[in-house]
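Q: Add chain B to chain A, keeping to what the hints say.
Okay, here's what each chain looks like letter by letter:
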Amino acid sequence: MTMSEANKQQGAVQTTGHSWDGDLQEFNNPLPTWWLWGFYLTVIFAVIYWVIYPAWPVGESYTKGVANTITYTVNGEERTTHWNTRALLMKEMQSGQDAQKMQAYMEKVAAASYDDILADEEMLAFTRAVAKGLFGDNCAACHGSGGAGVMGLFPNLVDDAWLWGGTVEQIETTLTEGRHGFMPAFGRSLDDGQIDAVAHYVLSLSGHEVDGDMAQRGMQIFNGKEGGCFYCHTQAGTGLESQGAANLTDSIWTVANVPGQDSLEGKLAEVREVVENGIERVMPAWDERLSDNEIKLLTVYVHELGGGQ
Amino acid sequence: MTETDVQLYQKRVPIYPRSVKGRFRRLKWGILTLAYGVYFLLPWLPWDRVAGPQQAVSFDIHGRRFYLFDLTVHAQDIFWLAGFLVIGAFLLFFVTGIAGRVFCGYFCFQTLWTDVYILIERLVQGERPARIRLDKQPWGGGKLLKKGTTHLLWLLVAFLTGLSFTLYWGYAPELFTGFFTGQAPFPAYATTLFLTATTYVMAGLAREQVCTYMCPYARFQGAMFDRDTLIVAYDEARGEGSAGRHKVAKGLKTREERQTQGVGDCIDCGYCVQVCPTGIDIRNGMQYQCISCALCIDACDTIMDSMEWPRGLIKYTSDKAQHGEKTRLLKGKTIGYGVILLSAATALIVSMLNQVPLDISVSQVRQPLYVRLSDGRIQNSYEIKLNNKADLSYEVRLDVSGLGGAELDLGQLEHIVLHPDQRLQLFVKVRMRPHANQPEKKDFYFVVEPVGAGDIPQVKWPSVFYHPDD
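Those protein sequences? They're chains A and B, same order as listed.
Yeah, the first sequence ends on 309 if you go by this note's numbering, and it's all consecutive.
Yeah, the second sequence ends on 1470 if you go by this note's numbering, and it's all consecutive.
Same shape as in the complex, but just chain A (with noise of 0.2 Å):
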């Protein structure tokens, strides 16, 4: 029978033999060996991860641990470094499961008709995940991160309007070549009136109550040599996609804020800004930045923002 043993059964408590003022005793209440192995295991353990494992910070630089590296492909190039979290992560979206399983039905997608992408729910709600983040990175800039744009110098990308044409095979060609949007400065070729009187026009066309005498002078100067307006916007005033001239007929307005104003004098004064000094407007060519199917996840995720045609 050992000490404790004994102690135990008796009730006792095993001291340590050290006593103070006659009866003040210092009691020994151990733990279990196994307790104690197990504090050895946890120290081995840490010097098994060590040397595995990145660990102890040396200097500006740390131990790097031995034989667990990571290779994972860098554009084309195969990098191999030691086990890093980064490292890891990068071999995952690459080789990962999940990553796999994108990869497999990003290629469905690249292999099926626009139409079939916009009438599958399936398709169209993976494009949408996936060209959100294309469109945050590279569109958002100037239309806003939910494709409002910015009245008078980017296309609000939400409505129905498209001055370039809103079908998928219109949206990428925007979206591969570019497109240059240019209207004319007439503050040279045409007087104050002039302008006043094809500003009147331009409203009446969309409905809004102005002077017709004024009205009727505008729409000469709009159809006539002198402004010669319809080249672009046409006589109806509908505009013309492939010159990316706007439809002056409907509620949208792109580079004049006419529904920001509330008096008419304000609307006017906004039409005739425009027509005096004119327009240029840029969007870039993306067909160097991205792929061919992120275009077409793009054009798809443009082309149901706002009701394409």
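If you're looking for bench data, these hints aren't it; they were derived computationally from the structure.
You may find that some hints are simply not true.
What the hints assert, rightly or not - Pairwise CB distance ranges (calculated): (1) B:C1215 - A:T33: 18 to 28 Å; (2) A:W20 - B:R1227: 32 to 42 Å; (3) B:T1260 - A:V13: 30 to 40 Å; (4) B:I1031 - A:D21: 44 to 54 Å; (5) B:F1084 - A:N257: 52 to 62 Å.
The C-beta atom is built at its ideal place from N, Cα and C for all residues, glycine as well.
A: Okay, now just chain B, sitting in the frame of chain A:
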């Protein structure tokens, strides 16, 4: 005692529990049989299901579904786990407050598996004295055979435990044959190995040390105890008398003889100590190692019966009862625990009964909040998440209600089909012509109507339509 005797770490004191017969032992065997029956046979219980495994209980981690008889738990139902844990915790508080550590003594896996391991030990190596003798013997053929057999049987039980656990996570018949033909997935082998190892170590080697050193419950149960709580206790007044306990000896045989000499009813036979699986002496009073298994009650009752003295020298009693007061079971604490327990259980059951097979959630696109279309109408966009929790595919029809004159645009989507357990995100637009004096925002509902989906009801989700402020 001198300083040279001091050891910083203590060797485990071996415990050789003696077997005992009695009502609590019978109760424990009963519970053990039931628990083992459920644990080992449940994975094999077949169940009719349209889709999913034909197994009553199956935890499909890969498909993110748990099948429990007729209930299918989806990842979205994770909050049930919170309810389940609340119920578990308060059931433990409730029961411990009333009946002490009955969970430890009768239902804890550690107790149940250790019980079986001790049974195996006894069947192979014999009763307590034989085991003590065997341990003191030098190693030889006989000892090696007995010890080896014991450990082999322990390992077999551990392996069956591990394998049975694994069967819950797959289709049992397939996994079982696959396991022995090398076809099972790696996690099945890893899990089985891990559980075999832990079962063997915990129930075979560590035993009571799990309860006394590792289990946190043993440490904080004191907070749930009070003077009304049932505990296993030795009746000190009766056992010790005024002159203490004494073995049965000449002149100390009958109760009358003992009482005239002031000797108590405890004959100091040590049976209660020998049967204790944690190796304590209950006569020293309440101790944290006591798991309330009541085997010492059975032991003492056996002795009292043979002496033809009344039972109950060791019995379930409360601190109050021991001091001659009345035990009160219904008190604020118990009622409070009970109320929380009942409400949590009711909430969980109601939530389970109202499980919706079709989940929908709508979030409005807020950038921009609205947009004016070329014909002057206003358009709002919404992201709709649909989640089919049912076992069948069906088409859903989407509509808006409560928004007069509104048009719902789904683009070129004609049929929206939801497959079993599919999550789908839709981007839809709602258009409406503004009219005079309209409020800036209008509440309405999206209505999702399952088509050809049997009795799955339509689901409504509230949303808001924003107008420009003009």
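Q: Determine for every hint whether it applies to the structure shown.
A: Going down the list of hints, with the structure as the test:
Distance hint for C1215 of chain B and T33 of chain A: a CB-CB separation of about 19 Å, consistent with the stated range 18 to 28 Å. Separation of W20 of chain A from R1227 of chain B is about 37 Å and conforms to the stated range, judged on CB atoms against 32 to 42 Å. As the Cβ distance of T1260 of chain B to V13 of chain A is approximately 37 Å, the hint placing it in 30 to 40 Å holds. Between I1031 of chain B and D21 of chain A the C-beta distance comes to about 53 Å, which sits within the given range of 44 to 54 Å.
For the hinted restraint 52 to 62 Å between F1084 of chain B and N257 of chain A, the CB-CB distance of approximately 58 Å keeps it satisfied.
When held up to the earlier numbered hints, the structure conflicts with none and fits them all.
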